[in-house]
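Colleague: Please model the entire structure based on the sequences and the hints provided.
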Amino acid sequence: IQMTQSPSSLSASVGDRVTITCQASQDINKYLNWYQQKPGKAPKVLIYGASILEAGVPSRFSGSGSGTYFTFTISSLQPEDIATYYCQQYDNLRWTFGQGTKVEI
Amino acid sequence: EVQLVESGGGLVQPGGSLRLSCAASRFTFNNYWMGWARQVSGKGLEWVANINQDGSARFYMDSVKGRFTISRDNAKNSLYLQMNSLRADDTAVYHCARILERSGYYNFDYWGQGTLVTVSS
Chain A
1 IQMTQSPSSL SASVGDRVTI TCQASQDINK YLNWYQQKPG KAPKVLIYGA SILEAGVPSR
61 FSGSGSGTYF TFTISSLQPE DIATYYCQQY DNLRWTFGQG TKVEI
Chain B
106 EVQLVESGGG LVQPGGSLRL SCAASRFTFN NYWMGWARQV SGKGLEWVAN INQDGSARFY
166 MDSVKGRFTI SRDNAKNSLY LQMNSLRADD TAVYHCARIL ERSGYYNFDY WGQGTLVTVS
226 S
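Listed in order, the protein sequences are those of chains A and B. Using the numbering used here, read the first sequence as starting at 1 and increasing by one per residue. Using the numbering used here, read the second sequence as starting at 106 and increasing by one per residue.
Treat the hints with caution; some may be incorrect.
Derived DSS-like pairs (lysine-lysine); straight-line CA-CA distance at most 27 Å [said to hold, decoys possible]: (1) A:44 with A:30; (2) A:38 with A:102; (3) A:38 with B:148; (4) A:102 with A:41; (5) B:170 with B:181; (6) A:102 with A:30; (7) B:181 with A:102; (8) A:41 with B:148; (9) A:102 with A:44; (10) A:44 with B:148; (11) B:170 with B:148.
Because the hints were derived from the structure by calculation, they are not lab data. Predicted model only: the values in this text are computed from it and were never measured.
Modeller: Right, dumping it as C-alpha cells:
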C-alpha cells in the first residue's frame, strides 16, 4: 500500500491552522497513525486509529478520515510544533510511512 | 521508562551481511510486538519489519523480503535483524521500536536511538 502525503513542506505563522493530508492507494479503514518527529529525536505518535488523540497530546492536534483519505490538523500552530509529521498505515500488519511534511514558522 | 538500545551497525561492502541487535529493558518484552524502522540521514522514515510476541508471525517491506530476517529471543529480552545481500540503498540509521496494540490499532510507541548501517565499497 502506497501513502501519498502532502504537502512535503509548509510555512505558517503562529496561530495559523495547518492541515496535512495523506492518501492511501487502497482502503485501509482507520488503520492510520500520525507521528511528530523533531530534529535529533525519535518519532512520537500523536494520533492513532485515524482520529484518536494519544494521551497527553495537546488538543490542538486532530485527525480525521477513513478508507483512503485522511487529514491531520493543528488548529493553532505553536512554536514548539516545528517538526516533521508523518502518516503511517498498517493494513494487514505491513506498514508504510508517508513521505513526511516539514512544518516551519 | 522503557529502554531500547541498538547495536551492530557499521560499514559493510555491497553484498555483505550485518546482524543488528536491540536490547530491551524496563518492560515485559514478551508481551509486545516489536519492529525495525530505518531513516536515511535527513530523509523520511521507512518501516522494515515486524514480529509478534512469540516470533511466529513476521512481516517485511518488499525491498528487504528474502534478504533480511527479523527474530527475537524473549529469554534475553532482545530483538535482532539479520541483514544479508546488503545494497547501497540499505544505508540508513536502523531503529528498533516497540509496538503498542489498542483495540486492534497498532503504533510504534517507544523507539531506540538507532544504529548506523553504511553499505559502501
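Colleague: Hint by hint, say whether it matches the structure.
Modeller: A quick look at each hint next to the structure:
1. A:44 with A:30: Measuring from Cα to Cα gives roughly 19 Å; hence the hint holds.
2. A:38 with A:102: At roughly 10 Å apart (the allowed maximum being 27 Å), residue 102 (chain A) and residue 38 (chain A) satisfy the hint.
3. A:38 with B:148: Holds, at about 13 Å.
4. A:102 with A:41: The given pair, whose Cα atoms are some 14 Å apart, holds under the 27 Å limit.
5. B:170 with B:181: The hint holds at about 26 Å.
6. A:102 with A:30: holds (24 Å)
7. B:181 with A:102: It is violated: about 38 Å lies between the C-alpha atoms, which goes past 27 Å.
8. A:41 with B:148: holds (14 Å)
9. A:102 with A:44: holds (15 Å)
10. A:44 with B:148: Given pair residue 44 (chain A), residue 148 (chain B) holds - Cα atoms ~17 Å apart, limit 27 Å.
11. B:170 with B:148: holds (22 Å)
Violation of the numbered hints given earlier is confined to hint 7; every other hint is satisfied by the structure.
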